[in-house]
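*Asks:* Residue numbers (the working numbering), protein chains in the order written: chain A, 99 to 604; chain B, 119 to 750; chain C, 18 to 136.
Calculated from the structure, these hints are not laboratory results. No residue lacks a Cβ here, since even glycine has one placed at the ideal position from N, Cα and C. There's no promise every hint is true.
Ranges between beta-carbon positions, derived for each pair [to be verified]: (1) T326(B) x V547(A): 21 to 31 Å; (2) I167(A) x L87(C): 37 to 47 Å; (3) E323(B) x A150(A): 47 to 57 Å; (4) F701(B) x I167(A): 36 to 46 Å; (5) G707(B) x E309(A): 28 to 38 Å.
Short derived list, chain B residues pointing at chain C, Cβ under 10 Å [stated by the list, open to error]: (6) A575; (7) R578; (8) D615; (9) A619; (10) V623; (11) N714; (12) Q716; (13) Q718.
These stretches of chain B come out as covered by chain A in the derived footprint (C-beta under 8 Å, 3 or more residues) [stated by the list, open to error]: (14) 180-193; (15) 296-304; (16) 678-690.
Residue-level listing of the chains:
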Amino acid sequence: MDFPLLSTVLLAPLAAALAICLLPRESRDQIRMIAAGTMTLATVLTLYAYAAYDTVEGGMQFTEEVPWITDLGVTYALGVDGISLPMLLLTDVIGLASVFSSWNIEKRTKDFFVLLMVLIAGVTGTFIARDLFIFLLCYEVVVIPIYIMVLIWGSTKRVPKEYAGIKLTIFLLMGSAFMLVGVVSLYIAAGGDSFGMEALAAAGQSGVLDENFQIFAFLLLLLGFGSLLSMFPFHSWSPDGYAGAPSAVSMIHAGVLKKIGGYGLIRLGLLVLPLGAKFWAPLIAALAMVNVLYAAYIAMVQKDLKYIIGYSSVSHMGYVLLGFAALNAVSITGAIANMVAHGIMASLFFSQIGYIYERTHLRSVPELAGLAHHLPRLTVGFMLAGLASVGLPGLIEFVPEFTIFVGTLSVYPVCAFLAIAGIIFTALYILRMLAKVLFGPRVERFAGVPDEQGADLVPLLLLGVFLVGFGLFPELLMGVIRSGVTPLEPLLAQLSAAPAMLGGGF
Amino acid sequence: MFDFALTHAWLIPLLPALAFLIIGLGTRRDKDASAKIAITFSGLSFLLALGVLGAVITRPIVMADPFVMKTLWAKVGDIELSMGVLVDPLTAMMLFVVTTVALLVQIYSVGYMAHDPGAGRFFAFLSLFAASMLGLVLSVNFMQMYAFWELVGLCSYLLIGFYYYKDSAREAAKKAFITTRIGDFGMLLGILLVQLTFGTMDFVELKTLLPTYIWETGGGILTIIALLLFIGPIGKSGQFPLHVWLPDAMEGPTPVSALIHAATMVVAGVYLVGRAYFLFSALPVVLEVIAWVGGFTAFFAATIAVTQRPFKRILAYSTISQLGYMMLALGVGSLTASMFHLMTHAFFKALLFLCAGAVIEAMHEEADIFKMGGLRERMPVTFRCMAIGVLAIAGVPPLAGFFSKDAILAAAAEVSLPLYLLATATAFLTAFYMARLLFVAFFGEVKPDCPAQETNAWMRWPLVILAALSVVSGAWGHFAGFGEWIFYGPVGEEHIDWLIAGTSVALTAVAFYLAYEIYVMKRWSAYEISRRLGVLYRLSYNKYYVDEFYTVIRNTFVDKLGAVLYWFDLHVVDGVVNGLARFTGGLSGVLGLAENGQVQRYVAVFYCGVIALTAYSLLIAAMLLAVVGGAF
Amino acid sequence: MMDPFSLTFMDVFRFATHIGLAHFLLLAAVLFAIGLFGLLTRRGLIPALMCVELMLNAVNLNLVAFNRYLPMPDLSGQLMALFSIAVGAAEVAVGVALAFRVYRDRATVNLDDLDHLKG
């Protein structure tokens, strides 16, 4: 591959951020066009990569390598495989959608888009980095824009946006602190000459890292990635954070950023520290089950739309964790697919909520009613996202959920049983919300609210296409993921042969 | 030509799906175009279904050797999820029933929805439903069945809530979805366990694997699997105790009630048990459960139907009761009787509902039968069709219900006397409440301000066709050898047990007579009877307070618990977080006291530190000297 | 080690008449102590700055003296002293300018009153 595709995808948003910096404040149109153009370019390139990825061969493709800090063994190494490619696609699609969701931002447009571009670049980097140092670097790049964006463009509802912002930031930073310790100890224990993920994984799997170290390091990573993934009891930042953030940030955060947690658990936790993963897996499964049911129950009594979706995403992340904890090829495939599915779905939800909030400044379920009369397109968006999160076939969530259930039921019968019961509660709170907000008698107050059109319609169309497309043709998604998970099978088989350590079968 | 239909059977669900897409993306604002598209595509899939039926009969394809086509849908790990078509006589019969009723209902809807601005949406949803139901019928494996099972549930949700501006419709839709979801949960678990136990979900493969499995390991886990699977049908087919959504589902437009909540979707549960009968019939315990759930539901719903007043609600409880009958038949081991009744019931219940739609529309949305009366004169065609439907469901020979109901009674009598008695009592009640419905609404005096008039042609012809089917389908099925066509195990001998048939016909006659005396001749006052019955009447009228029971459960175990957990989340989980933040803040306040802004104080502290450090390092140096001093 | 109690008169006389490294160091220490004392006790900003200069010069003295008494003297100590003086000059310039600004801003140069960085 001569054309540096991944570098382009990674650096284009940064270049756009620079370009926007140079524009005068007043030229809103150019600013938005640059952002949209850049993200379209990145999305098209990613789609090309997705289509051109050779699933038969598998492994890292579109690789690029430039030595960077040779003394530390840091390399600017990029590449995608079957696990990171769907995540990259998710990032760019949601990034593009979030640009259009922010189309009407009036307040300090320039600053907003600069930060948004930096944010997207950071997230992209975490998924395509093959070097831990780059991974951490990109991750830290993500945190700062989010804080500023919540403070300036956020909204104050149950909690002040300042509180929400700092809570979000501190949780993310705390997570990254644990991660950093884990990563550095990993680097040292593996010989201290490379941050390359493949090298570390080889070290981890070949027995250079002994079991006790793996158990310790995995715990650190679990604390870091777990709080990023809003694992119980480190989830409380998530609903507050989403509620405070502007909708583009909620979209990226719920849609992609959270997935760094799951991605990291698989990429680092499982591949580098397999014995550690095996040790903690039963605990993760139990917490995952708590995630699913606990958050679903709480979502049921929420009033604010963003809180409902916030808790809902905590609940859905429980499925991802459960899939990870079962440590077999099927369940991990399901976990990855579920991350993609939830990303699309949650960001569609947040974009629709953002639209209605932008137009009415209302977000609370009791205040909204009968929107279907005046806003049929918005209704379609809400229904698609809602029905997808209920797990209906033909939409993106069905196959991933089914896969996770198949993969986990035999490993953790009790946890899986309770988690599957979650489908009832999910249906309960989602349908309640849809019924109250969309249906019911006509409310004259909303008669003047215009329906989505033009740029506002783009998130719905874009995310809707993936929501339905991957739902009807799941092999498009599962095929790529399978090529990423198949190489793990020997490792997983080896692990399942090893005795369970912490407690065992819940 | 039949072979073409067979190899293109996958088009049968795809055509209505296409109609849904075209209407949904294109013509939904144009009522007439939408209706034309929906009916055209339904018609095409009806023709294909006829072709498949022809292929099954001429080839012939028998139960033991179905025709299968499938394609990979998704592959996860080493598990292949496929979609495809499985055609055997059972499928062919279902295809015929579903496409017929769907087509007729769509034609009827042209008239029924003529003045509704949302008609385009209605036809889109109806098409989507037809597609999902046909996909379900053609399922090759449990996963496909579950997927389409969920989709028909979705369509049911969308169509019950079609009048989304009505609060009652909105609530009913939600209730239907969530109640059936509870069933789906059990079913999903069952399906997952099937996959884990056998490594496949394919019906044909399972059928061959099963005997060996039972031979080797016994039926223990299979019983659990089958019971879990059966929870799905309990929800979908409105069996006790998950029947509560079905009467509420009548909030949807009446054609929907006819198509989805009477003829097709609600029998999906029965169909599932029938499709997986190789599994259920191998487990006597499970069969017994099915039989008793079915029998009890049949009787239970019939006792409720006797006292209800709204036209459609009586029919809804009647549907629950008849579905219980079908389950009962499955439970006593007669796939034939169950499927036979499924078919005849689809025709006469769709007929009854479409009549109800005509009547209620004519009465300007008045649903209470006691506010009707004398409609016989105002709506003669509807009356005749309705009467045929009532006679058919009551089991009057030679109409359809007589043959199918008799087959069930005979099958029940062979297995268990209590079940037979329960079924017979149900038959009596059925005849009584249907006669009550007919007599109250259509006989007697015309109410003074009754607006009713005969319906238009769009609505009339489907009624006539369904009435004709209700007349002939039973006799046709009986004499053409339905039992040699759809069966499980040894071929069922198709004969009429004259004792059983005679008893049920006599009971029907008695029921008709009683209803006639009470509601037409008014020899006995209905009010007086209900007063005498006291508690029994109130229980029945209030549907045994099952809904109230669920409300209590929901309030305590869902909402209250949710509130408690939310409190926990805010004050304990988040409390720890905020507590940590507050601790950090407090600590900084304490430490901040040292920062008093006095530069000179800082300098002094700094020098003290320098001196201390110097002293310390000197001390270390001195100690080192003392130790290694000799070396210098 | 030298025992202070066993010093004879001759020792003291030799010390007083033969100027050596110790004298420079002693002088520097005294200077430094005076500077420190002034820095800690004077209220005014300008006197405090002057005291800092004093301490700085004490150090410079040390540098030069050590350089002179090296077994093989080079110019490194002198050089450092020159640097240090230059830095000190710059520091005074900045310091006085700051003091001026502070006075303009707060109308006082009393260090006790300048406690706006209080935690």
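*Asks:* Hint by hint, say whether it matches the structure.
*Replies:* A quick look at each hint next to the structure:
1. T326(B) x V547(A): 21 to 31 Å: Once the Cβ atoms are compared, 59 Å apart, the range 21 to 31 Å for V547(A) and T326(B) is violated.
2. I167(A) x L87(C): 37 to 47 Å: holds, 41 Å
3. E323(B) x A150(A): 47 to 57 Å: violated, 37 Å
4. F701(B) x I167(A): 36 to 46 Å: About 38 Å separates the Cβ atoms of F701(B) and I167(A), which means 36 to 46 Å holds.
5. G707(B) x E309(A): 28 to 38 Å: violated, 45 Å
6. A575: This interface hint is violated because 90 Å lies over the 10 Å limit.
7. R578: It is violated, given that the least Cβ distance between R578(B) and chain C is near 90 Å, above 10 Å.
8. D615: Since the shortest Cβ distance to chain C is 98 Å, the answer is violated.
9. A619: Hint on A619(B): violated, closest Cβ of chain C at ~98 Å, above 10 Å.
10. V623: violated, 98 Å
11. N714: Result: holds, 5 Å to nearest chain C Cβ.
12. Q716: holds, 6 Å
13. Q718: Status holds, d = 5 Å.
14. 180-193: holds (count 4)
15. 296-304: That given contact holds, which follows from 5 residues of the stretch 296-304 of chain B lying within Cβ reach (below 8 Å) of chain A.
16. 678-690: Coverage by chain A holds for the stretch 678-690 of chain B (6 residues, Cβ < 8 Å).
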